[in-house]
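Peer 1: Spelled out from the first residue to the last, the chains are:
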Amino acid sequence: MSAHSHENCQALLGTLSEYIDGELPADLCKEIEKHLEGCENCRIVVNTTRRTIDLVQAPQQSEALPDDVRERLFKRLNLDTYLREKLSNGQGG
Amino acid sequence: MINSTTHEFSLEALRAGDRSEFARLVDAYSAPIYRLGLKMLSNPQDAEDVLQNTFLNALLHLADFEGRSSVSTWLYRIASNEALMLIRRKKANFSIEDMQPEDSDDEVMPETFVDWSLLPENELLSEEGKRAIDSAIKHLPESLRMVFILRDIEDLSIKETAEILNLSETNVKTRLLRARMALREKLSAYYGERNPRKEKE
Numbered sequence: 120m121s122a123h124s125h126e127n128c129q130a131l132l133g134t135l136s137e138y139i140d141g142e143l144p145a146d147l148c149k150e151i152e153k154h155l156e157g158c159e160n161c162r163i164v165v166n167t168t169r170r171t172i173d174l175v176q177a178p179q180q181s182e183a184l185p186d187d188v189r190e191r192l193f194k195r196l197n198l199d200t201y202l203r204e205k206l207s208n209g210q211g212g
Numbered sequence: 039m040i041n042s043t044t045h046e047f048s049l050e051a052l053r054a055g056d057r058s059e060f061a062r063l064v065d066a067y068s069a070p071i072y073r074l075g076l077k078m079l080s081n082p083q084d085a086e087d088v089l090q091n092t093f094l095n096a097l098l099h100l101a102d103f104e105g106r107s108s109v110s111t112w113l114y115r116i117a118s119n120e121a122l123m124l125i126r127r128k129k130a131n132f133s134i135e136d137m138q139p140e141d142s143d144d145e146v147m148p149e150t151f152v153d154w155s156l157l158p159e160n161e162l163l164s165e166e167g168k169r170a171i172d173s174a175i176k177h178l179p180e181s182l183r184m185v186f187i188l189r190d191i192e193d194l195s196i197k198e199t200a201e202i203l204n205l206s207e208t209n210v211k212t213r214l215l216r217a218r219m220a221l222r223e224k225l226s227a228y229y230g231e232r233n234p235r236k237e238k239e
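Going down the list, the sequences are from chains S and A.
Counting from 1 along the first sequence, just add 119 to a position and that's the residue number in the working numbering.
Counting from 1 along the second sequence, just add 38 to a position and that's the residue number in the working numbering.
This is chain S alone, in the form it adopts within the complex (with noise of 0.2 Å):
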C-alpha cells in the first residue's frame, strides 16, 4: 500500500460503500469523480467492489426453493393443503 497512501485515498475509502450505493449527496460524489479521474488504484478498487456486488447477488436472484424442501417444510408446519393448491395452480417455488 505504500505507493497508495494518500490522503484523498483514505477519504475515498472511508465512504466507499456509500458512493457504490448512490447514497452520498450530489457534491461529494462530484469530489470523489475528479479524485477517481487522477487515480488508478481507487478507480480499481471502486470498479471492483462494484463488480463483486454484482457477481454476488446475479445468481441468487433466480434461485428458488428446491421442491422437496418446499414440501417438507409445508408438511412440517401442517400447511399440506396449501401445498397441493398451489402446486396444481402450477405456482409452486
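Hints listed in this document are in silico derivations from the structure and should not be mistaken for laboratory results.
Predicted, not measured: the structure shown is a model, and the values here were computed from it.
Just so you know, nobody snuck in bad clues.
Ranges of calculated distance between the beta carbons of each label pair, as one might list FRET restraints:
#, chain 1, residue 1, chain 2, residue 2, range
1, A, Lys-168, S, His-154, 31 to 39 Å
2, S, Thr-200, A, Asp-87, 17 to 25 Å
3, S, Leu-147, A, Asp-87, 38 to 46 Å
4, S, Asp-186, A, Asn-95, 17 to 25 Å
5, S, Ala-177, A, Met-123, 29 to 37 Å
Anything over 12 Å on all C-beta distances counts as not near chain A; from chain S, calculated:
#, residue
6, Asp-146
7, Leu-147
8, Glu-156
Think of the CB as a built atom: it goes at the ideal place given N, C-alpha and C, for glycine as much as any other residue.
Given the structure of chain S, go ahead and fit chain A onto it with the hints provided.
Peer 2: Frame of chain S, contents of chain A only:
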C-alpha cells in the same frame, strides 16, 4: 430477494391463526430464508433446519408479535438467530481446521490492484467462478457474513439490517465495508490470475 413493498400481509389474520395467510407468508419468505441458511452454514441440511425452525418459531410467537417492526424484519430476525445458534452448536464439534479467523479491528486496506471488472460475465460466473465466490463468502467471519448476506444478497437496507441484527446503523456500515473489501480481495486474487492486464505495483 424480497421486495417488501410487493408483499403485504394481514397481521390481524396471521395473529388470529388464519392458515391461508400463514401459507402465503411461508411462500413469500421461504426462498430467501433458505438462502440465508445456505450462505451462513454452507450445508443444505442445516439450511433446511434453519428454514423449518424459523417458521415453527414464527408460528409459536405470532400471537406475541406486536408489529413494531415489519413482518419481514421479524422473520429475518428469527432466521438469523436460528442460523447463529446452529453455528454455535456446531462449533462445539469443530476441529481446529474449521475455525474461522475472528472478527478483528484491522484496517480494511485494499492490497490487490488488478482491474478484472471488465472480464466477460460468462467467465466471471463460470462454474469455477461461482465456486470461488461461494468460497469467499463462506470464509468471511460470521459477523461480517450475516451483514453482507442481508444487505448485498437479500438487498435489504442498512436500516433493516440494523434492526434485524439489533446493531447500530454505523456498526452495520462498518461491517458491510469490511465484508465487501475482504470479498473484493479474495475475488481479485482469483480473477486477477485470469486477467491479461498486469497488476499495478
